[in-house]
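K.L.:
Using the sequences plus the hints, can you model the full thing?
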Amino acid sequence: MRDVRPEPTPKYVLDKIAKEKRLLKLNTFVDKYEKGFTVLSWIVGAVGGYFVYRFIKYLFSLVGIL
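Read in order, the letters of the sequence shown are residues 52 to 117 in our numbering.
One should not assume that every hint holds.
Pairs of lysine-lysine, DSSO-like flavour, derived with a Cα cap of 30 Å [claimed, not checked]:
(1) 62 - 72
(2) 67 - 83
(3) 86 - 70
(4) 72 - 83
(5) 76 - 86
(6) 70 - 83
(7) 62 - 76
(8) 86 - 72
What follows is a set of in silico ranges between Cβ atoms, one per label pair, in the way DEER data are often shown [claimed, not checked]:
(9) 110 - 65: 47 to 57 Å
(10) 80 - 115: 31 to 41 Å
(11) 81 - 55: 58 to 68 Å
Source of the hints: derived by calculation from the structure; they are not laboratory data. From a predicted model like this one, the values you see are computed outputs, not experimental measurements. Cβ coordinates follow ideal geometry from the N, Cα and C atoms, glycine included.
P.N.:
This is how it looks when you write it as structure tokens:
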């Protein structure tokens, strides 16, 4: 009698499918909270910009320009 069982799926194919599922879940999460991530990036950028401004102002005060 002939063996009719399917061959096992290679591991690299299973890994690729799992990676695509993870990316799909991540994309869905980001799409759901897109406005929140946008506002959060604005806040992080503003705080980072403020500290860069303070650092540059401090450096100039050491030199005595400003």
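K.L.:
Which of the numbered hints are not met once you compare them with the structure shown?
P.N.:
Failing hints, ascending: 10 and 11.
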